[in-house]
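Trainee: With the hints as a guide, bring the two chains together.
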Amino acid sequence: MKAFAKKPDVDLSIEFAGIRSPNPFWLASAPPTDKAYNVERAYEAGWGGVVWKTLGEDPAAVNVSSRYSAHFGKNREVLGFNNIELITDRSLEINLREITEVKKRWPDRALIVSLMVPCVEESWKAILPLVEATGADGIELNLGCPHGMPERGMGAAVGQNPDLIEQVTRWCKQYYSKPVIVKLTPNITDIRVPARAAMRGGADAVSLINTINSITSIDLDNMVAKPTVGSQSTHGGYCGAAVKPIAMNMVAEIARDPETQGLPICGIGGISNWRDAAEFAALGAGAMQVCTAAMLHGFRIVEEMQDGLARWMAEKGYRSLAEFSGKAVANTTDWKYLDMNFQTIAHIDQDTCIQCGRCYIACEDTSHQSIAKLIDASGARRYEVIEEECVGCNLCQITCPVEDCISMVPQPSDKPYMSWNEDPRNPFRESA
Amino acid sequence: MTHPLDHLSRAGDDTRDSASLEANFSDLHPPLTQRQAFIESQRCLYCYDAPCVEACPSDIDIPRFIREIAEDNINGAAQTILEENILGGSCARVCPTEILCEQSCVRNHDAECQPVLIGLLQRHAVDHMHFDGHPFMRAADTGKHIAIVGAGPAGLSCAHRLATYGHRVTIFEAEAKTGGLNEYGIARYKLVDDYAQKEIDFLLEIGGIEIRHGQRLGDNLDLETLQHGYDSVFLGLGLGTSRQLGLSGEHAVGLMPATDYIKELRQTDDLSELPLAKRCVVIGAGNTAIDMAVQMARLGADAVTLVYRRGVESMAATGHEQEIAKANGVRIVTWAQPERILLDDAGRVAGMRFARTESRGGALVTTGETLDIPTDAVFTAIGQAFEAASLSDARASQLGHEAGKIEVDGNFRTSLAGVFAGGDCIAAGQDLTVQAVQHGKLAAQAIHNEIMAQQEVA
Ligand SMILES: Cc1cc2nc3c(=O)[nH]c(=O)nc-3n(C[C@H](O)[C@H](O)[C@H](O)COP(=O)(O)OP(=O)(O)OC[C@H]3O[C@@H](n4cnc5c(N)ncnc54)[C@H](O)[C@@H]3O)c2cc1C
Ligand SMILES: Cc1cc2nc3c(=O)[nH]c(=O)nc-3n(C[C@H](O)[C@H](O)[C@H](O)COP(=O)(O)O)c2cc1C
Ligand code: SF4
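Note that the protein sequences, when read in sequence, are chains A and B. Count the first sequence with this note's numbering and you get residues 5 to 436, in order. Count the second sequence with this note's numbering and you get residues 1316 to 1773, in order.
These are computed hints drawn from the structure, not numbers from a lab.
Okay, derived cross-link-like pairs now, BS3-like style, lysine-lysine, Cα gap no bigger than 25 Å in a straight line:
id: 1; chain 1: A; residue 1: K39; chain 2: A; residue 2: K107
id: 2; chain 1: A; residue 1: K10; chain 2: B; residue 2: K1513
id: 3; chain 1: B; residue 1: K1578; chain 2: B; residue 2: K1641
id: 4; chain 1: A; residue 1: K331; chain 2: A; residue 2: K320
id: 5; chain 1: B; residue 1: K1513; chain 2: A; residue 2: K11
id: 6; chain 1: A; residue 1: K177; chain 2: A; residue 2: K129
id: 7; chain 1: A; residue 1: K10; chain 2: B; residue 2: K1459
id: 8; chain 1: A; residue 1: K419; chain 2: A; residue 2: K340
id: 9; chain 1: B; residue 1: K1505; chain 2: B; residue 2: K1492
Between beta-carbon pairs, the in silico distance windows are:
id: 10; chain 1: A; residue 1: I219; chain 2: B; residue 2: A1426; range: 21 to 31 Å
id: 11; chain 1: A; residue 1: E393; chain 2: B; residue 2: E1638; range: 49 to 59 Å
id: 12; chain 1: B; residue 1: E1427; chain 2: A; residue 2: R386; range: 31 to 41 Å
Beta carbons are placed, not taken as given, at the ideal position from N, Cα and C, and that holds for glycine.
This is chain B alone, in the form it adopts within the complex (with noise of 0.2 Å):
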């Protein structure tokens, strides 16, 4: 299949070289000084039962950390987040912090209107840590062997909790490379330097993990396989199809869906060989359209329009990403939704027709009014969704399904004896990178709990 943006030009077509190119995916925050983060530990309260602790999804003690950081304790502080997450260095640079920690931090109302930077102290502590070898153990050998499909932040923290318990683990993974959306779909200024795969080498520190890439369950793996092979089996296989507009001319040279084009821009050794759409459109209303729109606009797009069908505050991206997006110039372009693939002569993307919307009695209606906007491409982002050809074996076919995704019970159980899963492929997930470690990190528990307790049985 050829590339449907191969007919644009390259990003580095006009005077810009590389360098520059990469000077606009830089760290998107900038990491604290040494003295910033002394300062701002020191904001921190110390909160008993802190509100921030209930808001992170993966029950890092925040207080903790921070207070270990402002006590010159780094080690200290790395470990009490690491002992809950074991990629918080990660889940520091990309975490929406303003709608979770960060949010609820007590220095928000009037004792400060502001809160305790905990993102960028957490990636400080982790930064900064300097331990001799990894800083958690591994228990005796157990015996046990589990697999994991999907390397991802779910398979990768429920295979090293699993690691410290004594079990030994093999992950599949589909990919060439390890860390699923982490390595494919962040936004490259959140995940700078390589930071994805430095990071999953210290996990690995751990040992007892093996990874086995271009291992496809439903393609050259079966369920079955696994359930006899091994002795608990988890799936972390994310979202891995984007959801289509349903119009016709989804294929036309031109569209392609943001997530497709994010991986090629995570993967480049060179920005300046990307394909740029000079004019273009984005659908969508979540932070993946805003990756994609702001992304594009910092390759040197002249006119970025992020279109979405409802009004701003329906946005499921979060208000900083909208402001980061606007300060990139992102246009944004509310209550029209997609009609029609404007194609030219010789069928390639030219324009997007959409029809203007509004809301009735909650209802999203169309006032008949159309709005056509000329543009070089269109980027889908209007959600990922389950892909099916996964779980389409004799054995996984029988996996029970909810809204669209894999159930699980409260212990991440699927209906399958044996087999567990988590992150975004389960119904509870919610498409943060946090909570598919916290998912990952739970059912290492529990299989680790049923694993003991048949032992015990047995």
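In isolation and in its complexed conformation, chain A is listed as follows (with noise of 0.2 Å):
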């Protein structure tokens, strides 16, 4: 934004967990965040922060070539993206040495090291002092790196272990001075497992999530999965838009979790653009990662999503992050404590109908068999929800190309709420 351009009255600057930043964007660690060329260039683009491309013990990790591949959309937009890549392929020295440098010249900057290495004291022993000496803000562990380095017995080999999350916890938190992020890995049953268990490690925070097991298309003429290495493939780890509602699911089950309460949480997962992450800060998330997005498009994709940011938080009177954060948690409950008495029935607006028919289809074929085709005096195909059929699913709404053509509208009632748990169709009720 040009100096005479008015900007909206509002303070994108944040202190998560102890670190402060200028604004809630951070480069999740991969390789936007593999050395201090790309971390400099990050940073002058106007990142708030990165989390270093993780750190392990030498001799280096080595690469393949051929390492990403995505799931397209129809108009070949990446809609998910998977890489078989390892952590850092520099040396450790190498690293340190420019983690300092930078520190050094963006004081203002949030700089996190992430760090995996064997899950013995001796070794978070000896790198800690290390990282420590780099001034940077604080370290992020990679648990969660779900390839390649398991079979070493790191990364999702700790992260599916919450015995082990604690002990490294512990140890991080022993041997280093500043603040501990956790970042959990999503190929576990129940995420609030792992999060608890870095809680009692003494962790300042979680972040979440890292990639997810993934397979993204087969080349069917060689009968191998992509990315292609020689003749072979192996799973990746996949990322981008597509895991955005996994990863949302994920912070919001830590944030309603009581186990966790007031524990910092950085949302990671398919955050492309400002309203992504003002939908992971609703849940509770106090910064925000991105990975994906920036290696599709560069790193200026940070001045739009600050600027809208910015400008929804002032439309809406948000001076703060903080005074957002965590406002959809509450509503997120339970299904059990649903109300069941309440009701939705979908309206179809004529005026924006273009008579396409794809509403009714979903649902006479697959939902209630609650649109009627009809014939109008004039011929015309016209279309109309049997209200007293209606169970609300929203199924004609999600599959009407005509936005705000087909609205729910909430039923009025003059029952009470009443969950499951209090409805006399259930058999298991809890009786009062």
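Mentor: Printed below as a string of structure tokens:
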């Protein structure tokens, strides 16, 4: 934004788990944060912080050639992104030196060092003082890298074992004085378990999600998955826009878990624009990390992210992220607490309807046969909701190609709130 | 002086009423709906170092504003546009995008064979912005005061940028209304609903800009007074006169410069009152000629003929503009140059004789054949020229000239200290609104830098 352009009067700066950052947008530990060159370009573009590409013990990891693949939409937009890379393939010494220099040059930006070393106390005891000496603002434990590293007894192996998470976190708090963020893998059954373990170990925050085990597509001529290394492939880690719903659920699960109350959460997974960021914040995230969106478009996207978020906040009257962070958490509950007396019904706006028939066939074949297909006097097609039949499933609204043509209308009711627990139809109802 | 077309019937004389005539002058390219804008915005590839940005004379960050539309940040999109081009709303409507941004869109390639509709998206953003107050700030008052001559796109853009720096600005404008050709020249169907004035109201919200109308340099105003009274002077005079055919009978009833007629057409509240040449001839090959021909056709003329001395491929009007002319029933006659104005007994234009031409080794020669076109009126649109009277006072006549216009250096400085110029009136002027806006903006930056440097020295 040019100097003479009026800026929305909001403060985007955050303090997350004791780490200050001029804005909540951080680059996730990945190729965009691989070295000083990238990181400094990112800071120049406006990123508030970075999590440096995961460091490990020497010798450095070695990567294969052919590393990424994607799940494409029909118009070649990248819905999801898949990679088979390992942690940093540069030596520890070079990384530490660059981190020290970059932090010195950019004191106002957050710089967090991601770490993954073997699950033995000596390893952590050895590396943490070296990291502390760089002056970086904190560390992030990569316990989630779902490929390559687990085979060496690290990564998901640790992240999937609550006891190990707790143990490693404890070592870090013991041998490192600054904030410790534990990055969680989504490749588990219940995300609350590793989050609780991290908290028990003394973690200052959790960040999630890391990538999800995936195979994006198969080359059917050669019968091999992508990315193809020679004539073989392997599963990779999935990220990008497609994983956002999964990540948001996991963030919400932790945010509303009484056992992890107050544990700061850094949201990661498919964040591509200001709205995604605002949504993660609404579910309790106090900072956001981005990887795929930056890899697809370059660092410049952070300008639009900041601008969009600031304008939306100003319009809503929020002056800082803290003022709305977590605001959607209380409204996220277990199924059993939803109001059984609430009823919503689809309504088709005949003025905007284009008579494509999509809602009709969706409801007729797969839902509740609640849309009538009519021919009016002039011979024109007309679709109308049979209100008595409609269960309010939203399917017609979702399949409708016209925005705001089908609306879901909450029905007035004089019945009080009643959860499934209280519902007489529930055979297992907890009797009052 | 009596009106050169007063003898003709009025556009409303037939059955056509004002309302149906007005309908013929509605938006040439109607705005996108919300949905269309959303779909179109997703076609943008968000190119890096985007060719469209290079092609935009005013340096708008096009991929950024389109991404902002896609992300439902309309105010962000509008500000991205306006911070480079404060007249981004009118440019979105009048720019020949087919030879500017949209021509260089990478979607033209095999990828889709059709560019992203950048102009319409730009219009969408500016039309739907909703700021509380003006989106730009004025820096603290610098105590400096700059005189601008001419309230066209160049002068207005210069004034707005100067105001953001905290300078005070007084614009001296010869006409009764602000806007230059945006108000008096652009085709009526390109800037509907008094858009030029609405945009100016918005621009002036920045504050610190005063406009004095009826002030004509070379008439009731002289350059020396301005130089004395102000810290700097910017000349955005445009091109005030129309080139003449150089034939006898040039002042006959029935012949008039197209720009004069268009000015009336832009100003009238009632199109039915305009004189209508049922048969008319427009001479020229630029966008002004096309605008004239198309507007006459839409007013109800039966036979509109546009005559050009070379072939269509040499016409300055873009292919898109030529298509618009054809779609409106304009007949385009090429390889014919004006030879004689044919007058009737009363001395009024009755027709035009053209000499047939051809190109011989690149040179245009007449073939000896002639072509007579009977007509009720002839409109000349063979180019605008610099109005010498504007720079006739003792000081102004010292200004250096280049190619018949005001000479400037890379920083829009004229040969006189503290006097800057931009827009159509300088040699680099290309007859594009967007370029005039860019000149005004860059000249403001140069003026600001110069004033600030002087202040440091002092
Ligand atoms: C008929 C026509 C149609 C056009 N259509 C298009 C189009 O569709 N798209 C496009 O991009 N461009 C178009 N153009 C070109 C575009 O209008 C000009 O490039 C643009 O307006 C130039 O801006 P300017 O500020 O330099 O000059 P102008 O717009 O000409 O403004 C100059 C101002 O200075 C004032 N002035 C002049 N002399 C004096 C004086 N001595 N003292 C005080 N004030 C003075 C004038 O009254 C006027 O207000 C068209 C031009 C014409 C003639
Ligand atoms: C190519 C690539 C390499 C990655 N490397 C690491 C890594 O070294 N350490 C780590 O903690 N996460 C790594 N990640 C995961 C990202 O940090 C992030 O958690 C994930 O991509 C989800 O965010 P996104 O949807 O914005 O991409 C990597 C991701 C990608 C795409
Ligand atoms: S992005 Fe392309 S050019 Fe760059 S390293 Fe990867 S494959 Fe090579």
